[in-house]
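> The lines below spell out each chain.
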Amino acid sequence: MELTEQTILYRNCNGIKVKNHRVRQGKLHSLSRSISKLRRALGESEHELFWHRPLRILRYYQFNSIWAPVPLNDPLLIDHDQMGVLHEALEKVVQTYPNQVKNFKECCDLLQELYYSGANPLYNCMIELLSSDTFPIGSLLVLLHKPRAQETVSEAIKFSISRGEIPNIEFDIVTAPALKSVQAAKTMLLFGPVSLYEKRRYVFSSPKVGYFHTINYAWFNDRVMIENDFNGSLGSPPQIKDDGHIMYGEDTETLVTEEVPSDPVLEVSTERVDVSSTEAVVTARFFLLEGDNAVWLDDSENKKSYVINPIQRRPDSHYDVSEYIEKRDNDKIEEGDYLILRHRGTGDYISDYANSILGESAVRMRGLQELWKERLRGLVEESSTIEVSVKLLDLGSKLANESNLRNWMSSDNIKTLYREDYKAIMILVELEDREEELWKNAVKINNAHRQAGQQIRHELFKVMSSLNVLKLLKTGIAEIHLDDENVGSLVIIRVVEPTEHRQKMARSMLPFFSSIEI
Amino acid sequence: MEEFVDKLYFHHPEESTGVGETIPANNEPLRSWAKFFVSVGLKLAEQDNPNGTRESLVISVPSRNLAASLITFGLIKGISGHFDEAYLDEHHKRLSKLPIGTSLSFRVGNDYKPAEFVRFDPKTDAIIVKTTHGSTKSGAIERHFYKPSCDKLQLSDTEVQLPIGTEKKGKRIVTHPNFLKAVLEKTNSDIYISNLQPQTVILGRKNLLIEEMTNEHFSFGSENVTGCLDDLIRLRSGGFRSLNFGAFIIPRDGDGSKRFSKFPALQRANYVIFDGPKSFLYWRRDWLEHNWIVLLSRTETSFQEAAIDINEQVARNERSELMDEIAGLGTPGGIELISFSRKLWN
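Those protein sequence lines, which keep their order, are chains A and B. When we follow this note's numbering, the leftmost residue of the first sequence carries the number 35, and every step to the right adds one. When we follow this note's numbering, the leftmost residue of the second sequence carries the number 264, and every step to the right adds one.
Chain A extracted, bound-state conformation (with noise of 0.2 Å):
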């Protein structure tokens, strides 16, 4: 950060300006009470799959239409298959739930409705903020509560610029980990509820502006405030002085506050993902991931991942590249980190990097890994891994427990630390004269593990170079090639919430990556 940023910075925390802009909706009001009284109604029945599909799109939509100042009827919120899912369940609810048919139907022909009026009122009050000669605007940062509205919004303004209703301004759009990186300005316009942002405090507690204008349904009433960090402190965190609020709308519904609906994104990770009862099952915790993307990974003690540590410089020869692509512990992984993923895909991709390094040989390898895992793990099947890790001390085993023995037979686990503990495996599972073979070829495989990381993080490193980082802060994903067809297409991708949802999956398959489907 320049020094003069730095400065802006300070001279905001002297104290930032907000104006509050309430809009009334009367049909989208209505249309999240409804959904809100269905739910109630359905109680524990929202959960069975005929509520499913149909209850998420409703939520999607009551979720994200009151932060995105997109048309009601854009595609962000719902789109037309979606409304086909909505129609045909509406059609099929009369026999499955007749009692739910009122509820239901109102949800839907309110949203059709909206559907077809298309006009988002957050967008037409901040094209009239905007345009007014009250306000005087400057540089202009939109703040949106995800990166998957910025094209459109930043489109619009645009379209409005030219046909003359708003003055030419400098403005950026960008969601809330980006702020760290851009450019302060003079006045941020941050649309939806404040509480959105209950998790991201620095929006206000580190401002890039003076002046903030909240544009938010009058139904949430909510307003921003910041504390004192530390009980008993001296100094302050920026003080804020309420700039009064402005009503838009018709004075049609009764004022109340309503609760902020929850993402319904963070709920996927409730559904259970299939295993096969031959697959080695670890448990697995769910990250949501930007761009409405997810990904499970290794809950299990020290498994790590790749991430990146994005800045806006060429790295120079004095850089610590291990801070710049970490190999880090899951379970410190934090919200803003930036994962390195498997596009759209399940399974680790260092080892398919390290079966490139291994040739041709690789397959064979594995299967010779395979073949003493696979006799270990039948005597545990036959007998228990208590009885087992006692037979390995017997024969010389330095380290056998019956977590170790969990570890040995694992497919992503190659060796043995200790050579003893590898002979009495070999003595046990009755491979003993190929003990010599089998640990080499452990070995080899170990090695090229190794290397493979070691060419990961050099690759990654250098198509980190031409990656523009100030797209990727902006969006918080970006797609990366390595110069490997086994390992394909990567992404680069921002955490948005690493959830206490856990559950056993297959362990080949993490990390899991995926896209939630509505």
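Incorrect hints may appear among the rest.
What the hints assert, rightly or not - Straight line, CA to CA, 20 Å or less: simulated PhoX-like cross-link-like pairs of lysine-lysine: (1) A:Lys-192 <-> A:Lys-478; (2) A:Lys-214 <-> A:Lys-508; (3) A:Lys-61 <-> A:Lys-139; (4) A:Lys-366 <-> B:Lys-521; (5) A:Lys-361 <-> B:Lys-449; (6) A:Lys-338 <-> A:Lys-449.
To be verified - Negatives, chain A to chain B, calculated, CB over 10 Å: (7) Glu-199; (8) Ile-203; (9) Phe-254; (10) Glu-408; (11) Val-424.
To be verified - Computed, partial: chain B to chain A, Cβ under 7 Å: (12) Arg-561; (13) Thr-562; (14) Ala-570.
Hints were generated in silico from the structure; no laboratory data involved. All C-beta atoms, glycine included, are put in the ideal place defined by N, C-alpha and C.
Could you slot chain B onto chain A? The hints should help.
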């Protein structure tokens, strides 16, 4: 204290506009936020620990940029005044008693070169060292160091290899010696460099800190000399190859603290700076014997978690007066601070 920060300027080197014009180099007075951080360092250099306690100062900031670097700069400037002429007497006495063959290094201009102790001459009070082994054609080169300049001679951390014929070309040790002389004011820069010991260990982002300490330019006083924070700080990271340094950076927010905290050189450092909530949350238990400066940037994800932890620590320990003294420096907007005294057995 005020006088020193008032004499320090941000220096903007000459810049090309890209259309055939240049913006001439200029100096900009430090802004209140930057003055505050340097003053915090100067103030902390004056602190003593009451028996059995360690001090913890926690500062929440809107951005971590330059905070740790400027505090370190102030802290090291604060202690630099302690190096005086009395040191020379003691140093000379210590050198005169060294065993023959002790590995040394000596400074020539802005470089340091290897040497080996030969003997002490009581008649002239000279410390005699050899700087080459010498070949069959020529003997070893010997140098004589007397008390006024004996600070140029220092014990080497590692065993030295003397060259055979001519003296080895030395390494450059200060990038901007005139800037160093200027910021040291009354302290002799040779004595300073010879005696500097690690004052702070910084657990942070190495790349960012190196850039701040070596690429940002400053000027001092009316002498129009420019340099960087590292001229005074003399940072190290990764290893302890050279002799004297003021700050040691542990990269990746302090990853590796377990190992580094056992190094005697770092155990002697007076302060540990946790430059970010992650470093504090993950590694503080490895640095319980040190005084803490905790810098929490509100832009970081784990800020909230660290703030909760700090509140718990304050409740468990005794709130100290340090925060009142620091607040007396004039806290800029957006900065919040708290301090507490930790009992060493806590």
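> Each hint: holds or not?
Checked hints:
no., hint, in the structure
1, A:Lys-192 <-> A:Lys-478, "58 Å, violated"
2, A:Lys-214 <-> A:Lys-508, "10 Å, holds"
3, A:Lys-61 <-> A:Lys-139, "14 Å, holds"
4, A:Lys-366 <-> B:Lys-521, "17 Å, holds"
5, A:Lys-361 <-> B:Lys-449, "47 Å, violated"
6, A:Lys-338 <-> A:Lys-449, "18 Å, holds"
7, Glu-199, "34 Å, holds"
8, Ile-203, "25 Å, holds"
9, Phe-254, "22 Å, holds"
10, Glu-408, "38 Å, holds"
11, Val-424, "34 Å, holds"
12, Arg-561, "4 Å, holds"
13, Thr-562, "4 Å, holds"
14, Ala-570, "5 Å, holds"
Comparing the model with each earlier hint shows violations of hints 1 and 5; every other hint is respected.
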